[in-house]
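**Q** Quick note: the sequence shown uses the numbering used here, first residue 1, plus one each step.
The hints are all genuine.
Think about it this way: if two alpha-carbon atoms lie no more than 25 angstroms apart in a straight line, the pair counts; the simulated PhoX-like pairs of lysine-lysine are: (1) K56 to K13; (2) K9 to K47; (3) K44 to K9; (4) K21 to K89; (5) K9 to K56; (6) K56 to K21; (7) K13 to K47; (8) K89 to K9; (9) K21 to K44; (10) K44 to K13; (11) K56 to K17.
Estimated spans, in silico, between C-beta atoms of each pair: (12) R88 to N38: 27 to 33 angstroms; (13) H82 to K49: 15 to 21 angstroms; (14) N2 to H82: 30 to 36 angstroms; (15) S61 to Q4: 27 to 33 angstroms; (16) N2 to S61: 29 to 35 angstroms.
Simulated from the structure, these hints should not be mistaken for lab results.
Positions of the beta carbon are idealized from the N, C-alpha and C atoms, including for glycine.
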Amino acid sequence: MNWQVRYTKTFYKELAKIPEKVRQQIEEFAFGYTTKENPFGAGKVEKLKGYDDFYKVRFGSYRLGLRIDQENQVIEFRRVRHRQDIYRKFP
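Could you build the full structure based on these sequences and the hints that come with them?
**A** Laid out in structure tokens, this is it:
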């Protein structure tokens, strides 16, 4: 079964506010996914402590917040914020 990739409106809004250099890296990671790829194969995805389905990916001082539903094979890109702010708003 293929993975479904979803993006929230909040993710798009926050992505537009990120500095260009970091935004390019995040876009390459987020939009470069194919539906057949295992999200853990990239080696960048780290589980958030205390949560079953929530993960983070580091990009310099910025963090990408993900929800990965392994049972239904859904990857949802939810938030992207500076590391000082992400954990107040995510998950």
